[in-house]
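*Asks:* The chain contents come next:
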Amino acid sequence: MNTAGTLGSRWTSGLRQRAASWARRRQGDDQLPVTITTRRIYILPTRGGVAFGALLFIMLLAGLNYGNSIALLITFLLAGFALIAMHLCHRNLANLGVRGVAAGNAFAGEHGRIAITLENSADTARIGLECQVDGSERVTVSVPPDATARADLAVTLEKRGRLRIARIKLSTAFPFGLFRAWTWLHPPLTLLAWPAPRGRHEPPPETATGGNAPAVHRAGDEEWAGLREFRDGDSPRQVAWRAFARGRGLLVKTYQSPAAHHRTFDLSTAPGADIEQRLEQLSAWIVAAHARGERYGLRLERQEAAADSGNEHRARCLDGLALYGSGEPW
Amino acid sequence: MVSAAARASVAASSLFAASLVLTLGNAPLWCLGIGLAAVGWRIGVALGRIGLIRRGTGLRFVFGAITAILALAVAANFHTLNGLSAGTALLVVMGALKLLESRTRRDDSIVIGVALFLLLAAALAGQSLWRIPLYLLTVWGAAAAIALVAHGDALFPTRAAFRIAGRATLMSIPLALLCFAFFPRIAGQFWALQRGAVATTGLSDEMTPGNIDKLATEYDPAFRVRFEGSLPPREALYFRGPVLNTFDGLTWRRARSGGALYVGTPMMPVGDAVRYRVTLEPTNQPWLFALDTVDASPRRDVYLTHDRQLISTSPVNSVLSYDATSHLVTHSSGSLSNLGRRYETRLPLDRNPRARALALDLRARTGSDAQFARAALDWFRTQGLEYTLEPGTTSIDSVDTTLFDTRRGFCGHFASAYATLMRAGGVPARVVTGYLGGEWNPVGGYLLVRQSEAHAWTEIWLDGQGWTRVDPTAVVAPERLQRGVYDLMANSLPATSVFFHNNPFFNRLGLLWDGANQWWQANVVDFNLRSQFDLLNKLGIDSPQWQHLGWAFAVGLIAWIVWVALSLRRTLARGKPDRVGRAWLRATRKLARVAGPRAASEGPYDFARRVAAARPDLGARMESLASNYARLRFGPAANREDVAAFERDVRRLAV
Chain R
1 MNTAGTLGSR WTSGLRQRAA SWARRRQGDD QLPVTITTRR IYILPTRGGV
51 AFGALLFIML LAGLNYGNSI ALLITFLLAG FALIAMHLCH RNLANLGVRG
101 VAAGNAFAGE HGRIAITLEN SADTARIGLE CQVDGSERVT VSVPPDATAR
151 ADLAVTLEKR GRLRIARIKL STAFPFGLFR AWTWLHPPLT LLAWPAPRGR
201 HEPPPETATG GNAPAVHRAG DEEWAGLREF RDGDSPRQVA WRAFARGRGL
251 LVKTYQSPAA HHRTFDLSTA PGADIEQRLE QLSAWIVAAH ARGERYGLRL
301 ERQEAAADSG NEHRARCLDG LALYGSGEPW
Chain V
1001 MVSAAARASV AASSLFAASL VLTLGNAPLW CLGIGLAAVG WRIGVALGRI
1051 GLIRRGTGLR FVFGAITAIL ALAVAANFHT LNGLSAGTAL LVVMGALKLL
1101 ESRTRRDDSI VIGVALFLLL AAALAGQSLW RIPLYLLTVW GAAAAIALVA
1151 HGDALFPTRA AFRIAGRATL MSIPLALLCF AFFPRIAGQF WALQRGAVAT
1201 TGLSDEMTPG NIDKLATEYD PAFRVRFEGS LPPREALYFR GPVLNTFDGL
1251 TWRRARSGGA LYVGTPMMPV GDAVRYRVTL EPTNQPWLFA LDTVDASPRR
1301 DVYLTHDRQL ISTSPVNSVL SYDATSHLVT HSSGSLSNLG RRYETRLPLD
1351 RNPRARALAL DLRARTGSDA QFARAALDWF RTQGLEYTLE PGTTSIDSVD
1401 TTLFDTRRGF CGHFASAYAT LMRAGGVPAR VVTGYLGGEW NPVGGYLLVR
1451 QSEAHAWTEI WLDGQGWTRV DPTAVVAPER LQRGVYDLMA NSLPATSVFF
1501 HNNPFFNRLG LLWDGANQWW QANVVDFNLR SQFDLLNKLG IDSPQWQHLG
1551 WAFAVGLIAW IVWVALSLRR TLARGKPDRV GRAWLRATRK LARVAGPRAA
1601 SEGPYDFARR VAAARPDLGA RMESLASNYA RLRFGPAANR EDVAAFERDV
1651 RRLAV
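Chains as they are written, first to last, in my numbering: chain R, 1 to 330; chain V, 1001 to 1655.
Bear in mind the hints are in silico, worked out from the structure with no lab data behind them.
Quantities reported herein were computed from a predicted structural model and do not represent experimental measurements.
Check the hints yourself; a few may be wrong.
[Claimed, not checked] Now the in silico label distances, taken between C-beta atoms and shown as ranges:
id, chain 1, residue 1, chain 2, residue 2, range
1, R, Gly310, V, Gly1044, 54 to 64 Å
2, V, Thr1158, R, His111, 29 to 39 Å
3, R, Gly104, V, Ala1154, 19 to 29 Å
4, V, Gly1040, R, Gly109, 44 to 54 Å
5, V, Ala1154, R, Gly272, 42 to 52 Å
6, R, Gly109, V, Arg1060, 38 to 48 Å
7, V, Arg1651, R, Arg246, 36 to 46 Å
8, R, Glu158, V, Val1021, 49 to 59 Å
9, R, Ile58, V, Asn1502, 43 to 53 Å
10, V, Glu1641, R, Arg246, 33 to 43 Å
11, V, Glu1602, R, Gln303, 26 to 36 Å
Cβ coordinates follow ideal geometry from the N, Cα and C atoms, glycine included.
Chain R with its partners taken away, still in its complex shape (with noise of 0.2 Å):
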């Protein structure tokens, strides 16, 4: 790497974040869904497109040069072509709706993961529109007439907490990849990093409650407690797949045992060199009891999570782990 290119590309890098940040004044946050207005459209031609342009400038060197009017013909109908080329382009992105855009959380050193929904309201198919956030690979999706297609962006996440990610960038080189038009997209949109599930040491032993929550069947201990509607991150096996054939829907077979079990996993009490690493094995120790199919409790500090299982339990307690110490309500 010499440094005349490096420092081009800081450069470039310095007047792309002056242009974001323009373009942030200008527009201001967004709230979805949005429509792309041809106002915050901007366009300018792709490396082919600037080929082309040098291509139809020796052509009308030429042409000039001969006097020869065919030539000249030829180009300014290509010309023409290439201007239509750009309003084509442009028009691909202009009043495109975005629905809206989720965020799925995941552990640090994984990929978190953007699902943007995009709404084509045009009589014409979109085609090749481009996604992109810092740190993402492009995405590509094609949204026929009438219609909405969504975008999964894969983010990668490198240290735990929350991450903001500032703006989407929406573009498109259709149809014929000579220019690319783009807009950038603001809305509020977070995602949160876990801490990664690391740690060897044992989980704490398991407590009585004594409480009357019901818990979903684990073997050795089981005593009838009724059905209740089937969540996320319940096994198959437990369903009471007999009232499913009455047409009584998706229930769950809970079972009370008559000394239910729970873990709480305390942060003052979690091994770990540094409070990075105690976060971890509490990530660990979620992960597995979840895997389990356990009940568990979370305890950081002042906060605490009552003693549940399932998914949604599960990732309140991996988001509390996310946001301890940066001062964010849990």
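Fit chain V to the known structure of chain R by using the hints.
*Replies:* Frame of chain R; chain V shown alone:
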């Protein structure tokens, strides 16, 4: 179903093949063969019929070697790499090699670029009217190929690419015409490129009895003349070409020593000038043709010789138009210089003895040069000579053969013989070749002069009168003055050409097509800065300047951009929901009174459940409504009856 990458490659290679066809006749056939083979190979690879060449250093060397060999082959073919044909051939070869090693979209784009360059080369080589549809189709294909290379999407079928490319091409035609009219044409050349060789046709600077006969069988146009006033009388339509003044007994030649051999005598025009514009087909020879006798050189790169011949400084190898002025009658009161007199009376002393004896005999019986000339012409008239395209074999004493043995000949024979008689009698004489007559094109309003109108006559010097045209053919066959060879000697001419000439329908069609081509040549191909100023003049600007061109261009450009923006905006207007969507919207509005507005994220089933919870009596109806909506909206294409039934259900929904 081919993959997107394969489709892109096929598109780019097909475009390359199309551009190869355009260069047909410009690049050598072996180059086109290599190009087409590469296209076939590339398409085979893309469709999975042939394996791809693996990349590696060894292969790179092989490619380098092939490139060098092919470049050398092109250089050997043309003896240069600079020149339109050589450049085209090189482009074809390079494009073919690129096809062999292409695999990415970028490679496909490069192939498209090469194809566009070939299109440019084709346009530089040929501007004929019939090529224009081909050029337009190629531009359309190029646009489609660019789209297909840029996007491989299931929602973007090949047909859609062609449709959008066609639309873009059509919409850019107004801009192309606008630019054509007003984009300032910078005159002059920045760099010169050798033009490809043009076949040598037309009259040469030599005349052996027989070579004009051959030319006279050709039906191709030689040039076209548009007169400012009315058409001069037909018997005056002598278009002067090469003047030949050296004779060896068989062949008349133009001395190649160059420059004036003797000083020409001043000439006085008599009567009205005839102004006209000649559009000359390429001949690869320097002669320009003008009505007898031209006043001055029409162009800076054309000079007027001492014998009043127009000679260009370089061979005419593209269509050339020039404005000329002639006087049908001229007069010269001066005398011919001694050098001139001697030069124009030279004859080989050992050739054509019988003709020379005849000349001396006629000269002895007449008093003046003019009487001698008339007596010789009378001799031609009374000897029963035959005007024919099949004069038979000749000898080295060609004049004797014509006059005394075969007694038949074509214009060249008679001109040669008459000039020989004159020279033998001491009268300066020379042979002039050119064209006589032509076919009037009523469609285009011009005179079409074909190669078959090629003619030869003589000019003799008469003191007090100057160089005087004498056409012995007009004495032998007076009808030639009024009609062309195609009307006189159909039996000796190619049957197809005769058919096209004599069939009224095809003759008319040919004249129409020629007229269209002429219009094209005059108004499009020859369009230049001067034409642009003329156009501005017609638009009402008195003394057009560059700025006016710029203004006209800018105004037109803005108008075009506004038109494009508006016509594209129409389809860009935010689409309204369709019938099903509208009906569902009405239903949700009605039901909002029961269950509150439908949330944006709420699907039809969720909404129906919520309504049913609030109004259990509507439960069954809601269920069917929601499932119908979901089926019509997301299921396979709905038919009209189902949509109508759905609308009816919504209408009947009473809350």
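*Asks:* Please write out, lowest number first, the hints stated earlier that are contradicted by the structure.
*Replies:* none
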